[in-house]
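Quick note, the sequences are listed as chains C and E, same order. Residue numbers for the first sequence follow our numbering, beginning at 1 and rising by one. Residue numbers for the second sequence follow our numbering, beginning at 1 and rising by one.
Read the hints as simulated data drawn from the structure, not as lab findings. Where hints are given, some of them may not hold.
Partial selection, computed: residues in chain C whose CB lies under 10 Å from chain E [stated by the list, open to error]:
hint, residue
1, Val28
2, Gly37
3, Ile80
Simulated pairs of lysine-lysine, DSS-like, Cα-Cα distance not exceeding 25 Å [unchecked claim]:
hint, chain 1, residue 1, chain 2, residue 2
4, C, Lys91, C, Lys30
5, E, Lys17, C, Lys141
6, C, Lys111, C, Lys133
7, C, Lys90, C, Lys30
8, C, Lys62, C, Lys141
9, E, Lys17, C, Lys165
10, C, Lys111, E, Lys17
11, C, Lys133, E, Lys17
12, E, Lys86, C, Lys30
13, C, Lys141, C, Lys70
Note that CB positions come from ideal geometry on N, CA and C, so glycine has one too.
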Amino acid sequence: MDQPRTDEDQQLVARTQSGDAAAFDQLVVKYTPRLYGLVYNMTSNHEDTNDLLQDVFSKAYKAIRGFRGKSSFYTWIHSIAVNMTLNFLKKRGRRYHLSLDDVDASIQNDKEFLELTATSSPVREADLSELQKRLNEAMMKLSDEHRAVVTMFHIQGMPHAEISKILRVSEGTVRSRLFYANRQLQNYLDEFRKNPVA
Amino acid sequence: MDEFNDNEIGKLLRLKKFEQPPPGYFDNFLHEFHRRQRDEMLREPLWRICLQRAQDFMFRLNVPALTSYPVAAAALFVCAAIVSLKVYQGPETPTNVAVQNRPAFSAPANVEGEWTLASPVATRFFTAQPIRKSNESARAHRAAAPPRYVLDSVPVSYETAFRF
């Protein structure tokens with residue numbers, strides 16, 4: 001995933017720090033889709049994602065005067081989003097229900113989707129909504145920290161180094177969490193393969 | 001293929017990016033953000049809003065940069081303090097002279113270091129040692145020396161003394 005131009009972000013941050021609220025609006029518009037994907041795939045609930053995202057930007061706006069540019073705005077706002085989501089998930093515990101967004105129709109033209117449906121029998125046999133449900137269930141069985149790493153690496157396409165900066169852990173820890181999470185997901189999805197209608 | 005490998009899991013997970021919120025969600029998000037900000041502001045107490053505004057103002061003035069001259073600021077403060085002290089103690093000087101000319105109102109030396117916010121004249125009056133009254137002073141002088149009677153420093157008579 002291409003990272004946004006940091007010099008443009010720096011200008012917008014500087015303008016926000018000098019009191020230009022419209023500059024922060026531009027940052028909100030720019031980062032909302034990206035952060036929505038991050039938070040949504042960690043919570044699997046649209047309403048929670050919306051509330052969290054509002055809180056994330058509100059917190060960022062209040063804290064932006066303390067932002068000194070040691071990291072990029074991209075890393076900084078992602079750190080806020082991940083930490084707030086992890087805190088929310090700890091409070092929520094296991095009391096959750098899936099509130100999933102619709103799958104965009106453009107998936108039918110996606111190259112990877114076509115490859116998967118052509119080669120993988122479990123995917124081919126399952127309809128889209130069932131596959132979506134299974135994937136999200138499998139994701140929700142991961143611990144919050146593992147889900148965060150999987151979301152950032154597989155879904156958002158972030159490199160290990162960026163994830164380690166956001167989570168403030170070593171790259172080795174990121175790789176280790178990713179390996180463990182992949183094994184777990186593999187086990188859950190194999191159950192689905194063996195018993196697709198369960 | 002019987003089992004999912006890492007590559008397939010990655011591909012499957014990447015399909016989750018096709019899960020999208022309802023149409024128009026991102027367009028309305030900013031409007032919702034502004035509405036929530038206004039609601040938060042209304043819920044905040046007035047003093048916090050004022051504090052926030054003050055912080056904003058200070059930030060725009062770049063006050064932290066100004067604090068890089070603490071020595072100058074301290075020197076200015078000290079100078080102002082000294083000048084104000086001098087101005088305040090100014091009227092005391094003629095009083096001191098007058099007091100020194102009159103022994104009855106002379107203050108002890110250690111009182112010089114003391115100062116209060118009260119009038120300096122009043123301070124001298126109340127902190128001075130007990131005043132010796134002028135008639136007491138004269139009485140003491142009389143007891144020490146025998147009485148002499150001199151009339152205008154002129155001898156009583158220029159006549160020669162009687163010789164018998």
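Verification of the hints:
1. About 6 Å separates the beta-carbon of valine 28 of chain C from the nearest beta-carbon of chain E, less than 10 Å, and the hint is met.
2. Below 10 Å, beta-carbon pairs count as interface contacts, and glycine 37 of chain C has one with chain E at about 6 Å; its hint therefore holds.
3. Checking isoleucine 80 of chain C against chain E: minimum C-beta separation of about 15 Å lies over 10 Å; hint violated.
4. Annotation: proposed proximity of lysine 91 of chain C to lysine 30 of chain C is violated, straight-line Cα distance about 29 Å (limit 25 Å).
5. The suggested pairing of lysine 17 of chain E with lysine 141 of chain C holds, with an alpha-carbon distance near 19 Å, which does not exceed 25 Å.
6. Restraint check for lysine 111 of chain C and lysine 133 of chain C: satisfied, since their Cα atoms lie roughly 21 Å apart, inside the 25 Å limit.
7. Of the pairs offered as hints, the one joining lysine 90 of chain C and lysine 30 of chain C is violated, with about 28 Å between alpha carbons and a cut-off of 25 Å exceeded.
8. Proximity of lysine 62 of chain C to lysine 141 of chain C is assessed by CA-CA distance (about 34 Å); at most 25 Å being required, the pair is judged violated.
9. With a CA separation close to 23 Å, the supplied pair lysine 17 of chain E and lysine 165 of chain C stays within the 25 Å bound.
10. Between the alpha carbons of lysine 111 of chain C and lysine 17 of chain E the distance comes to roughly 13 Å, so the proposed pair stays at or under 25 Å and holds.
11. Distance check on the hinted pair: lysine 133 of chain C and lysine 17 of chain E sit about 14 Å apart at the alpha-carbon level, within 25 Å; holds.
12. With a C-alpha separation of about 63 Å, the suggested pair lysine 86 of chain E and lysine 30 of chain C falls outside the 25 Å cut-off, and the hint is violated.
13. Proximity of lysine 141 of chain C to lysine 70 of chain C is assessed by CA-CA distance (about 35 Å); at most 25 Å being required, the pair is judged violated.
Against the hints set out earlier in the document, violations occur for numbers 3, 4, 7, 8, 12, 13.
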